[in-house]
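Participant: Chain residues, written in single-letter form:
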Amino acid sequence: MATYKIVHYINQFFAGIGGEEKADIVPEVREGAVGPGTALEKALGEEYEIAATVICGDNYFGENLDTATDTIVEMVKQYEPDVFVAGPAFNAGRYGVACGTICKAVEERLGVPVLTAEYEENPGVDMFRKDVIIVKTGDSAATIRKAVPVMAALVKKMATGEEILGPDIEGYHERGIRVNYFAEERASERAIQMLTKKMKGEEFHTDLPMPKFDRVDPAEPIKDIKHAKLAVVTSGGVVPTDNPDHIESSNATKYGVYSIAGMDTMSPNDFTTIHGGYDRQFVMENPNLVVPLDVLREMEKDGEFGELVNYFCTTTGTGTATGSAAKFGDEIGKRLVEDHVDGVILVST
Amino acid sequence: MKLELGKIFIKDIQFSDQTCVKDHVLYVNKEEVEKLVLEDDKLLECHLDIARPGDSTRITPVKDVIEPRVKVSGGEIFPGMIGKVTPQVGEGRTHALDGCCVVTVGRIVGFQEGVIDMSGPAADYCPFSKTVNLCVVIEPKEGLETHVYEKAGRMAGLKVATYLGEAGRNVEPDTLETFETKPIFEQAAMYPDLPKVGYVHMLQSQGLLHDTYYYGVDAKQFIPTFMYPTEIMDGAIVSGNCVAPCDKVTTYHHFHNPVIEDLYKHHGKDVNFMGVILTNENVFLADKERHSDMVAKLAEWMGLDGVLITEEGYGNPDTDLMMNCRKVEQKGVKVVLITDEFPGKDGKSQSLADTCEEATALASCGQGNATLQFPAMDKVIGTMEYIENQIGGWAGCVNPDGSFEAELQIIIASTIANGFNKLAARGY
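So the sequence lines, in the order shown, correspond to chains G and S.
When we follow the numbering used here, the leftmost residue of the first sequence carries the number 31, and every step to the right adds one.
When we follow the numbering used here, the leftmost residue of the second sequence carries the number 19, and every step to the right adds one.
Hints in this document: simulated from the structure, not taken from any laboratory.
Misleading hints may appear alongside valid ones.
Stated by the list, open to error - Each pair of labels, with its calculated beta carbon distance range:
1) G:G292 - S:D364: 41 to 49 Å
2) G:D254 - S:E318: 44 to 52 Å
3) S:D305 - G:G363: 36 to 44 Å
4) G:A355 - S:T193: 51 to 59 Å
Backbone N, C-alpha and C define an ideal beta-carbon position, used for all residues, glycine too.
Using the sequences and the hints given, assemble the complete structure.
Facilitator: Here's what the structure looks like:
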């Protein structure tokens, strides 16, 4: 009789159901281990059993994110597992994202420790490394034999509550969480040793790799402003007065696109700001201070530029995670290109 | 410049009729010390207490920590503050009462005054949990302006430390070490095959109670200059600041600057330690630009191959740290930074307020946002009244029994950014 219960999540391919043509299958549960779960169960030993395996098609999961997550969490819940494992997903992108998503949801909603395994270039790694322990794997299923013992060791630690050590020791992708420890030598001595290596051109290891900022080169100047189509994009939190998309006043997770068709000015009856990082009083009285529609309409009439696109894009730019901001930028950029916009006035506050 | 530093090991402090050192015990005449402190009419009351390692004792709010030292020859201790500014210090012979400290305690000046626990989990993070501490608890006059109170507290500590240091003047030290740095060309010629290394020492000078003094000069008011490393061992630099407790470079830490101590250990072996470039952390952009330019200029002019840079404080000074790093590297001088990190309680946010591409080598002094449980102590020297407002505490963090939860930030010098401790942070 096993002491610890595991629930395992795999996709249609690893369940042996089929490849791309079966990627739209809905979530299902099977008792016991399936596919890679068999090897994992063996590595875990007699005290552990995979009580159930949840199988879901990658496309189904990706296209029905919320429903699929809700359904799978409910399936997992019934078995009351000690640990939840997803994957390994290796370099399969949709599968990797599904593993990360479901792991995060299971941990948050059920309080069960979770584990997945992916190749470093799998998009699921960057999306979920801060939230989920993701064991390092090679880029194909051929590397499964290496991954399974590492996963098994971590599952055991999670089940028994033993301390999980650093990423290099345990074999998972660094989560970017800064944790204290007492070093063998004080920082001044370690720094001198680092410096002597750096001066000699030898390899050295910094304690804190500097984050790389995502810098974007400015676009070429507009050649013919008289015929250019312009748009306004702002992080100043200007939204219709009822804030229909419920954009947050801080750490926004969404942006809005709102029509200005037929308007000559941003009326305070129609628009407000929900930004939590500046004194809103003046903008609530006159939203043109952030979305300068009044002046732009005059310039448009005077032929100083071609035309203004009939909407503006907006979000809140305070306490907003850079990950969210990058996502908004990508999506807004694509839309503006599709609408043949030549230039953007980006208003920050 | 050559300094002989004699250490007299102190194992205990006891009150007595006469202030003296005998058989590794510092005997202190309580009345004389209290009288000395109360010479300053801005202070109403003073009382002394002794805290020993292992005691169930908490000391808070702590202003400064100072080791008693005396100049046996060559200048006077704490030049410009207590002693005369000339002759300059860093030469001759100095005696230190090693293992004991003067700790100034009293009603809060700024919320940046921290906690020393003599036992329990917080003791692992604080160097002054391992020293025998003479606590000088001061009570200021009503309505004293904070800057005036800060100065009175600062001077009280320095005066007491100087008075106690005198007790070691004629005592044979247990160890005698010699530190020497020669004038630039001689020093360069001494170890021609070793890389020439300097230390860029950034002094806290943001103002508004964030000040440091060099020969009595407010560090805001100087431009970067060269300092012989031995000057610091005679009290040329004195703390006058209320920076976050975990980051506070106390006057003790200036005496015991770890970068200087460790560079001397490597001197002549794998590096040629050329000296110290002293700079500051002013808040005005023009100062930051001018002073980082000058740091880089001095590093180039000294012909350095590498430098270590330390800062005091976090946030705003991170910009000075990075400007110094970038400009010194651009002169072709290799840089290693030493600093601490503030990535939030969960450790998931960015550790520093500024970065630069050249910052490829950094030795971490730990992350100050991690939280710790502080058990109740049998005795409190000072007052627990301000814990919730002190940096690292929060509203409701103190329990009725006197135990509390707080970030490591509240512990004096726990993540001090000059590399004094073994605490470090790594990525998980």
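Participant: For D305 (chain S) and G363 (chain G), compare the CB-CB distance with the range 36 to 44 Å and indicate the outcome.
Facilitator: 39 Å, holds
Participant: Quick check on a hinted range of 51 to 59 Å for A355 (chain G) and T193 (chain S), using CB atoms only.
Facilitator: 57 Å, holds
Participant: Is the distance from the Cβ of G292 (chain G) to the Cβ of D364 (chain S) consistent with 41 to 49 Å?
Facilitator: 48 Å, holds
Participant: For the hint 44 to 52 Å, verify it against the beta carbon of D254 (chain G) and that of E318 (chain S).
Facilitator: Holds: the Cβ-Cβ distance is about 49 Å, inside 44 to 52 Å.
Going down the numbered hints, you'll see the structure goes against none, and every one checks out.
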